[in-house]
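Chains as they are written, first to last, in the numbering used here: chain U, 1 to 329; chain C, 1 to 511; chain P, 1 to 336; chain Z, 1 to 336.
Derived by calculation from the structure, the hints in this document are not laboratory data.
The structure displayed is predicted, hence computed values, not measured ones.
The beta-carbon is built from N, C-alpha and C at its ideal position, and this holds for glycine as well.
Mixed in with the good hints, there may be bad ones.
[What the hints assert, rightly or not] To list a few chain P residues with every Cβ distance to chain Z over 12 Å, as calculated:
(1) Leu32
(2) Val39
(3) Leu40
(4) Arg49
(5) Ser56
(6) Leu103
(7) Thr105
(8) Val118
(9) Leu119
(10) Pro139
(11) Gln160
(12) Val272
(13) Val322
[As the list claims (entries may be wrong)] A partial selection of chain C residues facing chain P, derived with a Cβ cut-off under 7 Å:
(14) Ser302
(15) Pro314
(16) Val321
(17) Met323
(18) Pro329
(19) Leu338
(20) Asp340
(21) Leu349
(22) Ala350
(23) Met352
(24) Ser353
(25) Thr356
(26) Pro358
(27) Trp363
Residues per chain are reported as follows:
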Amino acid sequence: ACTSNEPAAVSASSAAPQAASAGTDNDKPGEQVVIGFSAPAADHGWIAAISKNAQEAAKQYSDVTLKAVEPTNDINQQISAVESLIQAKVNALVILPNDGQQLNQVARQAMDAGIPVINVDRVFPDKLSYRTWIGGDNYGMGVAAGHFIGKTLKDKGVSNPVILEIQGIATLPLTQERSKGFADALQMYGFKVTAKQDAKFTVESGTQVAGNLLQAHKKIDAIWNHDDDQGIGVLAAIKEAGRDEFIMVGGAGSANAMRDIQADSGVLKATVTYPATMAASAIKLARLVAQGKGMSDLMENEVPQSITLASQTVSKDNVAKYLPSGFES
Amino acid sequence: MRGIVKQFPGVRALNGVDLDVRAGEVHCLLGQNGAGKSTLIKILAGAHQPDEGTITFAGEEARLTGPTAAIRLGISTMYQELDLVDGLSVTENVFLGHEPATWGFSRRSEADRATSELLQRLGHGEIRPRTEVGRLSPAHKQIVSMARALSHSTRLIIMDEPSAALAHDEVDNLFRVIRDLTSQGVAVIYISHRLEEIREIGDRVTVLKDGRTVAVGLPAKETPTSQIVSLMTGRNVEYVFPPRSSAPPGEEILRVENLTLPGRFENVSFTVRAGEIVGLAGLVGSGRSEILETIYGARKGSGRVVLDGRAVRPGSTTRAVRMGMGLAPEERKAQALLLDHSVAQNITLASMSRYTRPRWLGWLDRRSELAEAERLSKALDIRPPDPLRAIRTLSGGNQQKAVLGRWLAEDRKLLLLDEPTRGVDVGARAELYALVRKLADDGIGVLLVSSEVPEVLGLADRVLVVREGRIVHEAPAEDLDEHRVLDLVMVSTGSASGADEANPLEGAFHD
Amino acid sequence: MTDVDQSAPAGPRLKAVGARGRLGRLGEIRHLGLVAALVLLAIVGLVTRPENFATSSNLVSILALASTIGVITVGSTFVIIGGGIDLSVGALMALASVWATTLATQAYGPVVMIVCAVLVGTGAGLLNGFLIAYGRMVPFIATLAMMVAARGLAQRMSNQRTQLVQPDNSLIVDLSTTRVLGLPLLVYMFALVVLVGWLVLNRTTFGRRTYAVGGNPEAARLAGIDVRRHTLLLYALSGLCCGIAAVLIMARTTTGSSTHGDLYELDAIAAVIIGGTLLSGGKGTIIGSILGLLIFTVITNLFILNGLNTADQLVAKGAIIVAAVLLQRRSLKSPI
Amino acid sequence: MTDVDQSAPAGPRLKAVGARGRLGRLGEIRHLGLVAALVLLAIVGLVTRPENFATSSNLVSILALASTIGVITVGSTFVIIGGGIDLSVGALMALASVWATTLATQAYGPVVMIVCAVLVGTGAGLLNGFLIAYGRMVPFIATLAMMVAARGLAQRMSNQRTQLVQPDNSLIVDLSTTRVLGLPLLVYMFALVVLVGWLVLNRTTFGRRTYAVGGNPEAARLAGIDVRRHTLLLYALSGLCCGIAAVLIMARTTTGSSTHGDLYELDAIAAVIIGGTLLSGGKGTIIGSILGLLIFTVITNLFILNGLNTADQLVAKGAIIVAAVLLQRRSLKSPI
Ligand SMILES: Nc1ncnc2c1ncn2[C@@H]1O[C@H](COP(=O)(O)OP(=O)(O)OP(=O)(O)O)[C@@H](O)[C@H]1O
Ligand SMILES: Nc1ncnc2c1ncn2[C@@H]1O[C@H](COP(=O)(O)OP(=O)(O)OP(=O)(O)O)[C@@H](O)[C@H]1O
Ligand SMILES: [Mg+2]
Ligand SMILES: [Mg+2]
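Put together the whole structure using the sequences plus the hints.
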């Protein structure tokens with residue numbers, strides 16, 4: 001909720017569309033456009049924030065009608081949902097697919113039918129399937145977390161540290177990219193991940209997995225948890241076990257995690273962002289594309305083909321700056 | 001009960017029935033299969049609601065809105081179909097619905113004690129109150145059902161064919177209990193198809209026919225059998241067994257050698273010839289049903305079974321059927337019927353591949369299947385004569401006929417009949433006897449188990465007496481009479497049992 | 001299941017049968033309620049989205065969505081009528097799709113891929129059946145174990161990645177994109193599976209035995225039916241359907257993935273049960289199951305068209321299911 | 001369910017029972033296989049992770065993990081023995097946890113929160129029971145509808161956010177952090193629920209009637225038991241357990257969330273079935289269910305201790321379930 005305001009507080013990550021709201025011509029009402037929107041089921045804080053940001057961004061414009069279809073976690077249904085949007089002849093589509101590869105074909109159909117597709121986050125393998133891609137930098141997120149942990153442990157002079165990783169959903173490509181970035185960054189410090197488990201992005205399975213992991217490792221130096229939402233559960237398990245000998249880094253950047261970091265009362269020392277604001281940006285992009293406008297801060301006449309948002313490390317030092325952009329889990 | 005009418009979809013099961021029962025009497029309810037006896041007593045038990053008619057109990061008009069209402073009035077019921085819960089213990093079944101309890105906690109030892117007493121009174125102290133009911137034999141279940149009826153303080157007990165699952169000595173026990181009850185002023189409604197029982201225990205008789213009362217309050221002892229039978233059936237039925245064939249029996253069709261099922265029966269050996277009916281007589285629990293089931297492959301025992309010169313693979317009913325056997329099992333509801341399916345489908349269940357073309361595809365020719373089912377249900381006089389009716393809605397006796405019909409659809413070499421006339425009325429019984437005899441005359445071997453000794457003696461050519469899992473006597477039926485069989489059957493249940501048990505393998509085959 | 005509801009309505013239905021003298025009618029009458037529910041949903045669709053709902057493209061879209069899970073539902077109907085349950089269907093479909101889309105398999109071309117998917121499904125189904133019929137495991141547990149293991153295996157094989165159908169093998173994708181008389185090929189495949197399933201269940205001894213095995217296994221055994229072998233075959237059949245469904249999902253998504261078919265087991269069972277099949281076996285129809293499935297699919301479609309948010313959708317879905325079933329009850333009780 | 005396995009072994013067992021003459025023994029014997037499976041798992045744990053597995057903190061952790069779903073399992077055992085099934089348990093727990101953690105509720109303090117969770121669970125359970133007993137809906141469908149609707153409602157109430165237990169109400173969180181004799185309070189709560197459940201099932205008329213209602217509803221009706229009211233109460237009881245479980249999950253995760261209890265229905269049913277309860281009702285034990293649940297929990301614990309990846313975990317889990325059940329079968333067949 002706290003994402004679409006205070007553009008200044010948000011750094012380069014979402015600078016492009018935010019800048020647009022600073023009063024350029026682009027915000028003036030143009031021709032009426034209908035934007036179709038399809039995303040996975042909002043059973044999780046980050047995805048919920050995505051949907052909400054999209055809705056709110058659309059509401060800012062009098063010339064935009066948002067047509068959101070049933071969010072679902074079943075690929076078969078998402079295909080049907082997108083098909084129905086194509087049938088409804090929307091002017092542009094914003095799609096956050098459950099899986100980019102699996103939705104590729106239907107996105108391609110949309111493009112073939114002349115509907116520009118703004119691909120959010122999980123990328124379609126076929127460049128002909130989307131007009132513009134905007135998403136987070138999963139690899140970079142892993143790298144950021146790896147650097148923070150690597151540096152902190154190096155500074156402490158720990159050798160052979162026990163580093164744990166709690167992933168989200170293991171079968172998502174984004175999870176695999178995050179893990180790779182994390183491992184690559186740790187490599188630079190000569191460290192590696194001792195054990196990793198996946199926790200399905202839910203609070204409860206965060207508790208379960210962390211509860212068991214804490215038993216498996218009597219002494220831990222650092223934990224990277226991919227997702228702040230499930231992180232609530234992870235922290236609860238840590239508290240229940242009464243452990244505090246390690247540092248923890250979160251992921252995605254929820255407001256809640258940032259408040260914890262600010263308070264500096266527990267093991268959570270930092271979180272690496274994965275901006276949920278990208279959905280709002282995507283709606284704005286879709287509007288521009290549909291209306292044939294470019295991004296006024298850039299020299300180009302058109303909206304770029306791909307926009308990768310940077311992942312930032314939020315720690316005690318800079319948390320005040322990021323807190324407003326954190327999503328409520 | 002006055003003018004009771006009960007309409008089931010498609011049938012008017014009761015069409016103005018009157019019944020009056022006096023305190024302290026045994027009132028017998030007679031009628032052919034499907035006459036409406038069970039329906040009538042279910043209304044009295046509160047299990048069905050009548051469409052018309054009034055019920056007066058102890059001088060007041062009673063509204064039996066449910067089983068609870070009837071029980072509260074002092075009417076307790078033993079239903080025709082066993083109505084026990086297999087997963088619960090004997091005690092829990094007996095006291096189901098009226099458990100002795102404090103604050104919701106059952107007083108278990110008290111209930112056990114009361115159950116023990118009831119069972120003792122019924123002459124079955126050997127049934128343990130904590131045994132799971134699912135593990136009891138049908139006869140024992142019937143006893144438990146009886147104990148349950150007695151566990152209420154009642155003024156009227158309804159018994160729907162209580163003796164169907166019982167053998168001779170159990171029936172005596174039952175009668176003792178009934179006399180006991182009536183002497184205390186309790187009224188009993190007794191339903192049975194065994195007319196000799198009616199004579200022995202009954203005071204008055206009401207006869208139902210096609211949902212109507214055709215005779216009320218006839219004196220049970222004096223009315224001649226022929227009159228009762230003709231009231232029931234509307235014609236004169238000779239209650240006799242068909243004459244034995246004069247031709248000598250043919251080839252040996254079944255040979256059983258040293259068949260053993262540990263803990264059940266041991267070293268059973270005998271033969272059955274084509275055209276011969278062999279009867280197995282014995283007490284409840286003597287292992288007759290299990291001998292049949294083992295021969296049929298439904299249980300896996302050791303020993304040899306040879307059918308028509310070919311050894312039968314143990315433990316496969318499929319093979320047994322393919323080789324030409326057929327079994328009409330003891331518990332029709334649990335072991336034979338697909339209750340929700342039509343009569344036709346139940347009849348053709350074992351023979352459906354006969355109506356396929358081509359056979360390998362298993363494509364059913366439903367017309368010829370239905371025609372065959374129609375033919376058989378007519379031949380067996382299954383009522384109502386509608387082969388497409390769900391078999392659940394038929395009366396017990398008619399269901400039994402369909403079970404027999406299943407094995408008539410296809411040529412068999414050997415038929416194993418376990419209590420084939422259980423619950424079948426007098427008229428149909430005579431027809432069944434004739435049918436079985438005709439099958440034998442056509443060259444089929446028949447192995448018959450029945451707890452009614454006269455039936456075994458009357459129908460079979462040769463009788464094997466089974467006691468505690470061993471064949472203790474073998475003789476032509478003509479050489480035996482009821483007393484002799486009962487003696488043979490019972491020796492060990494008295495004091496002589498100790499010696500027998502000490503040496504279990506001794507003593508087969510001589511007398 | 002608590003049978004409170006089973007015995008009572010038997011009567012009215014039977015009467016109709018007796019009167020009409022056709023056993024086949026039994027099924028159709030029972031489905032009146034389901035058809036009524038579908039009609040009601042269609043009316044809702046027409047009222048809320050007049051411009052979208054009744055378009056041919058929307059109907060095609062509904063059918064295409066229903067086809068994958070529809071094929072699975074046919075198999076589940078057999079298993080449930082036969083007194084069992086198959087929780088592994090979704091996972092088997094995923095495994096078959098992954099196996100058929102490994103690069104090694106794809107090298108042999110689309111026909112081998114299809115054969116591979118079908119074989120994998122059938123093989124796993126046979127294993128289910130073997131554990132249940134001969135290992136005497138409770139179906140719920142055996143297929144639960146299979147569900148877990150098959151997903152794991154699918155994840156291993158695919159290395160937890162989504163596997164694309166290669167351009168050389170686009171024949172498979174054509175199943176979903178090629179249209180004949182306006183309908184994609186996969187809808188025809190679905191229809192074919194339903195037709196064959198109906199014929200087998202209603203017109204062959206195999207189908208008849210399925211009812212017997214589910215209705216009273218002991219009676220079936222004593223009537224000479226080889227209950228174990230039959231049980232084995234039922235699960236193999238269900239596996240076969242999963243294999244076919246895998247082909248359809250590959251066509252629709254152009255991928256094989258270990259995440260395909262998530263929770264399909266619940267959807268399939270729900271469709272079968274809402275279609276009037278008893279969870280305890282011995283009773284049921286294919287047509288009912290398919291109608292049940294269509295109800296769920298149309299509900300989803302309506303939500304998509306009306307753009308409800310997830311939370312409201314779920315609440316509405318729950319309410320609609322209850323309403324549909326109560327409607328069906330009503331139609332059962334009425335004397336027709 | 002295909003009953004292939006039910007009748008055959010009855011013979012030999014009977015004798016053993018008869019010999020001992022104690023029905024109570026039966027239960028224990030039936031659980032031997034489960035206990036053996038647990039012991040085997042423990043040995044695997046001791047061999048592979050000698051330094052971690054047998055520590056008291058790990059055992060506490062296993063119990064704490066088992067406690068939430070354990071409470072639900074107790075309720076499910078009742079429902080399944082009573083011939084029903086409850087698919088809504090996970091969703092009801094989620095709904096109760098969300099309702100109890102709204103800011104409005106939290107304002108009244110921890111006691112009201114607990115009462116609220118319990119009431120919400122029981123109320124929804126009553127609705128389930130009402131639909132099934134009086135609306136005559138098939139339990140599978142009624143509770144499926146409830147599952148969908150309750151999740152939707154939970155999402156609406158929470159606005160799809162995770163709701164934190166406020167610091168003022170940390171009393172609730174204390175249930176998980178406060179330890180008495182080394183065990184967190186919630187483990188005692190779990191034990192209490194199991195004990196009460198056992199007593200009710202085995203020692204009260206309500207419990208024994210549950211077997212009758214599930215095993216032979218018609219017989220139960222004829223014996224004068226109000227089968228409908230009893231069914232209603234069974235689902236209310238299950239809902240009550242979900243409410244209690246919601247309190248435990250709030251304590252453990254410090255949150256209420258619409259995502260809590262995802263797929264708990266499957267886990268709970270699996271534990272109940274593996275514990276020897278028949279899906280068709282009329283038979284089963286609480287102890288068996290809890291043992292079944294512990295097997296699942298220990299398996300997960302072992303996997304994480306040994307750092308298996310998800311895919312391997314799933315494959316191994318499937319295999320272990322099959323092995324455990326076959327082991328149990330074996331112990332059933334042996335004459336003892
Ligand atoms: N639930 C039912 N639905 C439809 N018809 C029924 C139902 N119950 C009984 N009938 C029919 O009612 C008639 C009377 O059946 P009932 O069971 O009372 O006969 P009965 O006299 O007890 O026969 P039997 O001696 O064979 O037990 C039969 O025609 C039977 O088919
Ligand atoms: N399924 C079973 N489980 C346990 N015990 C059984 C089972 N079936 C039969 N028995 C027991 O085995 C013994 C032999 O029973 P069986 O039914 O073969 O005797 P029967 O002579 O046919 O008597 P009945 O007249 O009751 O049919 C009895 O003591 C019975 O209690
Ligand atoms: Mg009768
Ligand atoms: Mg017998």
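Quiz item: Which numbered hints are broken by the structure, listed smallest first?
Solution: 10, 11, 12, 13, 14, 15, 17 and 26
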